[in-house]
Each structure stands twice: as C-alpha cells, then as structure tokens.
Amino acid sequence: MHVTVPIAYHARHRPQPGVNAMRRVILAVLIATLSAGFAVADTSRPIIDVHIHYSHDAWSMLPPPEAVKVLRQAGLKKAFVSSSSDDGTQMLYRAAPDLIVPVLRPYRRRGETGTWVKDPTVIQHVEGRLKANTYAGIGEFHVFGADADLPVMRRMVELARERKIFLHAHSDADAVARIFVQDPDALVLWAHSGFDQADKVRAMLAKHKTLWADLAFRSDHAPSGKLRPEWRQLFLDYPDRFMVGTDTFTPERWHYVVEHASYSRQWLADLPTDVADKIAFGNAERLAAAVLGK
Amino acid sequence: MPWTAALSALAASNSAACPGPEQGFVRLASAEAEIAYRWTPDELKIGQFFGVEMVACRLPGGEAVDTIVVDAQMPAHGHGMNYRPRSTRLAPDRYLVSGLMLHMAGHWRVTFDLFQGTKRTRLTHDVTLKP
Amino acid sequence: MKRLTAIAACLAVAGAAVAIAGSQGRNAVEPAAFSADEREAILSHGPWPPPMPPDPSNRVSGNSDAIALGRWLFSDKRLSADGARSCATCHDPAKAFTDGRDRSIGLVRVDRNAIALANLRLNRWYGWAGAADSLWAQSIRPILDPKEFAATPELVRARLAADAAIRAAYARVFAAEMSRDPPERVLVNLAKALAAYQETIVTARTPFDDFRDALARGDTATLAHYPLAAQKGLKIFVGKGRCTACHLGPNFTSGEFEDVGVPYFVEAHRVDAGRFAGIAELRRSSFSLAGPHNDDAVRADAAPTRHVEQLHRNWGEFRVPSLRNVAATAPYMHNGSLATLEDVVRHYSQVDEERLHGTEGQRLLRPLHLTREEASDLVAFLKTLSSAVVSQR
Ligand SMILES: [Cu+2]
Ligand SMILES: [Zn+2]
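Protein chains in written order, with my numbering: chain A, 1 to 294; chain B, 1 to 131; chain C, 1 to 393.
What the hints contain is simulated information worked out from the structure, not anything from laboratory work.
Check each hint, because a few of them may be wrong.
[Unchecked claim] Below, simulated SDA-like cross-link-like pairs (lysine to any residue); rule was C-alpha separation at most 20 Å, straight line:
{"id": "1", "chain 1": "C", "residue 1": "K232", "chain 2": "C", "residue 2": "G218"}
{"id": "2", "chain 1": "C", "residue 1": "K95", "chain 2": "C", "residue 2": "A339"}
{"id": "3", "chain 1": "B", "residue 1": "K119", "chain 2": "A", "residue 2": "R202"}
{"id": "4", "chain 1": "B", "residue 1": "K119", "chain 2": "A", "residue 2": "A222"}
{"id": "5", "chain 1": "C", "residue 1": "K232", "chain 2": "C", "residue 2": "E342"}
{"id": "6", "chain 1": "A", "residue 1": "K69", "chain 2": "C", "residue 2": "H269"}
{"id": "7", "chain 1": "B", "residue 1": "K45", "chain 2": "C", "residue 2": "G218"}
{"id": "8", "chain 1": "C", "residue 1": "K240", "chain 2": "C", "residue 2": "T371"}
{"id": "9", "chain 1": "A", "residue 1": "K200", "chain 2": "B", "residue 2": "R89"}
{"id": "10", "chain 1": "C", "residue 1": "K147", "chain 2": "C", "residue 2": "H269"}
{"id": "11", "chain 1": "B", "residue 1": "K119", "chain 2": "A", "residue 2": "R228"}
{"id": "12", "chain 1": "B", "residue 1": "K130", "chain 2": "C", "residue 2": "A327"}
{"id": "13", "chain 1": "B", "residue 1": "K45", "chain 2": "C", "residue 2": "P51"}
[What the hints assert, rightly or not] The following residues of chain B were derived to be distant from chain A, with all beta-carbon distances above 12 Å:
{"id": "14", "residue": "P19"}
{"id": "15", "residue": "L28"}
{"id": "16", "residue": "D42"}
{"id": "17", "residue": "Q48"}
{"id": "18", "residue": "H107"}
{"id": "19", "residue": "D126"}
[Said to hold, decoys possible] Ranges between beta-carbon positions, derived for each pair:
{"id": "20", "chain 1": "A", "residue 1": "F144", "chain 2": "C", "residue 2": "T152", "range": "54 to 62 Å"}
{"id": "21", "chain 1": "C", "residue 1": "D145", "chain 2": "B", "residue 2": "G117", "range": "30 to 38 Å"}
{"id": "22", "chain 1": "A", "residue 1": "E66", "chain 2": "C", "residue 2": "D295", "range": "44 to 52 Å"}
{"id": "23", "chain 1": "C", "residue 1": "S337", "chain 2": "B", "residue 2": "E43", "range": "37 to 45 Å"}
{"id": "24", "chain 1": "A", "residue 1": "E66", "chain 2": "B", "residue 2": "H125", "range": "43 to 51 Å"}
{"id": "25", "chain 1": "C", "residue 1": "K240", "chain 2": "A", "residue 2": "G111", "range": "16 to 24 Å"}
{"id": "26", "chain 1": "B", "residue 1": "G117", "chain 2": "C", "residue 2": "A176", "range": "33 to 41 Å"}
{"id": "27", "chain 1": "A", "residue 1": "E66", "chain 2": "B", "residue 2": "Q73", "range": "34 to 42 Å"}
All figures in this text were calculated on a predicted structure; none of them were measured in a lab.
From the three backbone atoms N, C-alpha and C, an ideal C-beta is built for every residue, glycine too.
Make the full structure from the sequences, and use the hints.
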C-alpha cells in the first residue's frame, strides 16, 4: 500500500501506451514488494560499487576474506575501495585483485577528514604510496570551496595528472570547479554528486566533460526506489556519467552493501536497459580500465 | 466589490489568483517566482504532522507547474525529515502537500521546489521551532 | 484513578525531599542562574503528566474490562508455545517493567534490550526500531516471534478459548464468541486488551517535575529543594550537551530514530539494522495502522505510517529512548551494552565522531569532553527523572 500510490501516480503521468504503463506498474510493485523484504539478493544485474571504505575498525570485524565474500554476495562485479589507512585497501586488493579497484585515500588514519588538506606531510605519504602500489585514483577525500586551491590539494591534482588517474572528491561544486581550473583535463569522480539537486549536477556535467558523479548515500533521486522525473531525464541525457556506491563508513555498514545493491537495481529497472547497465557497472568499468591502462 | 478584487488579483499574477493574508496565506517571492502558502494546522509544533497548501502565483516562462516537492532540512545538523510529503493537485498551480513533520527544535529550512518539466524553481522559507 | 496518581505524586515528592535533605541549602542555584533560553528549554520538559487520551485505533482502549483482561494476559504463560514465559518474564513489574538483562532471553537470547514499559500512549513508534506503529501491534510481535513466544494465532485461540473465565471476559469486552472469531481476529483483540492494560502504566511525578513547575511559577522556595548537582547537570543537558535536541519534551524523546555511535553488531557476522529493518517490517506487517485492524475509520494516526521514508541513514539508527525513570532501567542502549548511567555519559563525552559520518550525517553529536565533575552532575540530573512506576488502575 505504501509504495503503490506514487507508482500509480507516475504511471498515469508518463506519456506511454496504457498497456505498457500497466505492465510497468505491475513490475514496479513486484520489485518494490520483493525489495521491501530483507536481502532478497536479486543479483541479476551486475553492479560496480564505487564507494567502499575498508577502514581500520572494519579489519577485525570483517577480515579480508569475509569482506570479499560480502562484496561477492551482493553480486558486485567490482568495488572501488579507499580506506583510512590505505593498508586496508591493499589487504583487500591482495585478497581479490579481480574484484578490488584500489583508490588511494590520503588519510593515514580516521580523523584526518578535516585536517589533511592543511597538512603538508600528506604529500609525502601520497607520493610514497603512489610509487609503491597501483591505484586507479586518489580519494575519497573531503575538500570544500577555496580549500581546493591550497598547496596540498594542488599537489593531489598534479599527481593525478602525472599518473593519469582520477580524483574521488567529496566536495561542493565550487571545489570541483577549482580542480578543473587547475587541470582542465582532470578526471574527477564527484562523490555523492555533491549532494546537489539534479539541475545543479546537470550544469556541472555539461560544463566539465571529464566529470563523473556517484550517487552514494543518497536516495532523493529515487525515493522508495522510484526515480524522480528530473533525475530520470538527467540519467537519460548523461548516461555515461553516473555510478552507484554504498559508502561503508562504519564496519556495520559493510552489511548494507547487499541491501544497497538491491535498492540500486530497483530504481535502475525504471531506465532503458542500456542506460541502467552503464550506471550499474559500465561507466565504472570503463573508467577503471582507462586509468589502469587495461 | 468582491469581483473587482478578484479581477485585480488575477491581473496581478500570470497563472493563478494569489491569495493573501485574508485567507491566512503568506507570500513568498524571489526574483524568479512568487508563491502563497498556508500551513495546516496553522501553527507548527515539534513532532506534529502538518501540511501546506500552496499556490504558484508567478513563475518563470508561461507553463504551469507539473509537480511540486516540499521538503525541510536542518542545515546546522545536516539532516532532513524522516517522512516524505505527498502532494495533491487541487487546481492548476494549486497544491495540497501532506505528511511533513519536524522532529527537533531549532532552525529548519523549508524548500518549495516547483517543477515545470525539468526546470526547477526553488523558494525557501526558514522556520525556527521552539523546544 | 486520579486519586492514585495524586498519591503517587505525593510519595514521589516526599521521597525526593528526604533524598536531598542533606545536600541542599545555601549552595542551591538561584533560578536567575539559568538564561532565558535554558529556562525555555527546561520548561519544555513538562508539565507532567501530559494528557494521554485513549487510542483511536483500539476500540477497547480505556475500557476497564479490557484492562482487567489485559492485565491477566500480561502474566499468562499460555501465550507462549512452550508455556514457559509471559510478557512479565521480560517486563517484570518489580523491575520497572524490564528484566535487568543486557539482551533479553526468550526461547533463545534475543538481539535487544527489553524496553521498560511506561507512558506508552506517548509513543509514535514501538520497539527500538519502530517496527510497530501501535501498542497493540507491538504486543503481537513477541507472541509470534520464534525467539520469544513462538506461538501462532490458532494456538493462542485454542489455548485461551479453553478457559471459561477468559472466554467470558472476551465476550464482555468484544461482544463476540472467542471460539467463533477467526484466529487472527482473536489475536488482534487480545493484543488490544494487552494494550489497554499497558496504557495504564505511567510514571509518577519526579523531583525534576517539581523543580520545573516551581521554575514556571517563580517559586524560589521550592526551587531550592532541587540538588545543586542536578541543577548543574540540567544546565549541561539543555546547554552544551545538546541532549534536549533528541531527548525533548515532557517524555524526554523526539520519538524518532538516531545513530549516536553505539556499535550494532549482534555477533561477528550479523548486525542489527535498526530503523532500516523496522521500516521493512512495518511495511510487511498486516497489523500496521494502514491495515484492516485499525479501529479508527478515518485512520487519523496513520500519517507516520503512510509517510515514513526508508533512507540509507536508517541503517543502524535506533529509537531515542525516553529518560523518564532511567535510573531504574539499566542496562542501557538498544543492546544493553552500557551498564550504568556513568557509562552512558562517558559514551557521549567521548563519542567516536568518525562513526557518525560528520560531513553529511549527524552534526549534533561531538565528543563533549566533560570533566569528572560535569559528568557526575549530568548523572545526578538524570537520576532526578525517576519515580515509582504506577499502574493507574
Ligand atoms: Cu536536528
Ligand atoms: Zn563521502
């Protein structure tokens, strides 16, 4: 009862032949009913989750083999992993190199979210790691507004350019724009799409051709698993630019990865198959392949 | 003359008669748009469900509004509501939204997003709830 | 019923007066020591008791025959499949309607701490995760839960309809023949009687309530009876502790769900998903206020159920518990993981910010770094929220 009302409403307002609309309603209700239950892992559509953290407090609760199992159970094709500290990412990568796409988080421990960008020792740490290991990107880091022009952040942009890898930025639109001023060809994965509204995200994507956006930790684009019309249009207009992710910021949240994948599959089903596949895994797969040179 | 009043109200807006304080409505305007709204019940209290009746008085371009989304956030706390309001269209450019609930004291930002296709116009109104 | 409340209130006042006789006196804080904002916040935690009108979704709410039947059922072990436990096993009237354990034990150990039953008409949601939207629906959950009573509607009807006294009480309350009503209706009706009884469990006035009312009246003589440590703790509670943001109003709760950084693993590979699971269960349930068993034709109280939205942050959120009578309901938190009020205050004093997703989630909680004295003042305040639990009838 809860879910049928808005679905029926949408169906009525979409310019489509009646039968088709009806079929969609039935399908949507079915999917909604299924996913309202617990962990009914319909793993039919592969997913690449681009927003996984494996930080130190997760290591004991969820040792690498267990963590890998959780990701596979969710039907993930790959996972972009960044951790405080990066040792977590390395452990996971060694446990499942086919599954893990390593991304270098500049934080050596938790608690550096607000201080790292003013701490010059971060540069040395990141440079050392980049030399020692393979990474698809630098991030996820938090930087807002004018802080994106501070020396530490400028160095991150340079390092990413030198190595042709991406920056996973948890940032407002202003900071993202500043990164592109520093390097107009920077590859930027915009975490949480900046928690911005669809029209703001649209403007950013239109302006910056090498900007991708993840939808981690937001459901305003698809409340109760049902796409909002303005987001649907945005996905149709920019099918190559979106990705999905869970954001496992506590060890307990690892157990949400499965649930999150079902949620993603639910709203993705409301898009044409090719668009849904791109957002589910295609875009992430291509970005990873491009930066890792495969 | 009531009908002259109605006529001039109509003339003042390009899409709908814009109700005013006589009917308990508050006007909210930006450079782009203007709405009139009233809460139901008219006094907001912590933890109490309420609705809002909203009339779009002036909009960019000529088209009518096809949906509105009303939401509320606590900017200082970084969270929104736990409930999703639903809107019902009462007449062209006139909506009734139900299911809002503000669960903490303090400063809330209520947003009215008016959609004309994918074009969104936002008006915001700040509410401070007493403990 | 009114008289009983009054007696309880007097008892509470007398008890409080005795308790603080040694500690009060010259050093009591004058009311002027509270700013206008603090005063406003303090007053918002009363008056007590607030109105508790009958539940429109339960047609026997407030009905004295239903209350008597419910009181009987509450300690009736025939509701459990193996006949080994009743509601009172985990909600013991002698222990403020809780069981004193960290996590309760039914047929097996369950995942959560038994909530102290009191002032239940004030809830919007029931259980730590709000899986039920009414008191009667919540009362059905332990009966059917395989870890608690593991019963079925058929079993409950067969067992209880065999008892002539219960059959007669059922007929009186519901104007129906128990053995002819369909099992599901019998279950719902019995749960409504259980609810009618539980609604009568209320907490009496506390030393805090007397202080609060004296503050409202400007009665300085009475104000001085409230211990200085509690006054200082109260100042922290409504001030820099920001406790009032969530523990608000006369019942010290918003009735909503938050993540305050309490770990929620149940065991190595299993978590308690909290509010996220609660919403999923609510949507699956045929006993919600949106379903056919709601006795209110206009479903006035169903707005929360209709509008509640499942969000990513609901994973690991738990209901903000009332703090009335909190000194009597240890251990604390959804899993009973904190043994004492001192432990709870230490938790807030040292809360792990990283767990709270500060940048896009909870910005309310920050480690308070309270001094030893501040922590003990805060505990002293929490202890003034206690009183005898009274069943009004
Ligand atoms: Cu808040
Ligand atoms: Zn982030």
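Quick rundown of the hints versus the structure:
no.	hint	verdict
1	K232/C <-> G218/C	18 Å, holds
2	K95/C <-> A339/C	15 Å, holds
3	K119/B <-> R202/A	11 Å, holds
4	K119/B <-> A222/A	18 Å, holds
5	K232/C <-> E342/C	16 Å, holds
6	K69/A <-> H269/C	11 Å, holds
7	K45/B <-> G218/C	26 Å, violated
8	K240/C <-> T371/C	13 Å, holds
9	K200/A <-> R89/B	26 Å, violated
10	K147/C <-> H269/C	19 Å, holds
11	K119/B <-> R228/A	13 Å, holds
12	K130/B <-> A327/C	28 Å, violated
13	K45/B <-> P51/C	16 Å, holds
14	P19	26 Å, holds
15	L28	18 Å, holds
16	D42	27 Å, holds
17	Q48	21 Å, holds
18	H107	19 Å, holds
19	D126	18 Å, holds
20	F144/A <-> T152/C: 54 to 62 Å	56 Å, holds
21	D145/C <-> G117/B: 30 to 38 Å	49 Å, violated
22	E66/A <-> D295/C: 44 to 52 Å	48 Å, holds
23	S337/C <-> E43/B: 37 to 45 Å	40 Å, holds
24	E66/A <-> H125/B: 43 to 51 Å	49 Å, holds
25	K240/C <-> G111/A: 16 to 24 Å	22 Å, holds
26	G117/B <-> A176/C: 33 to 41 Å	56 Å, violated
27	E66/A <-> Q73/B: 34 to 42 Å	37 Å, holds
Violation of the numbered hints given earlier is confined to hints 7, 9, 12, 21 and 26; the remaining hints are satisfied by the structure.
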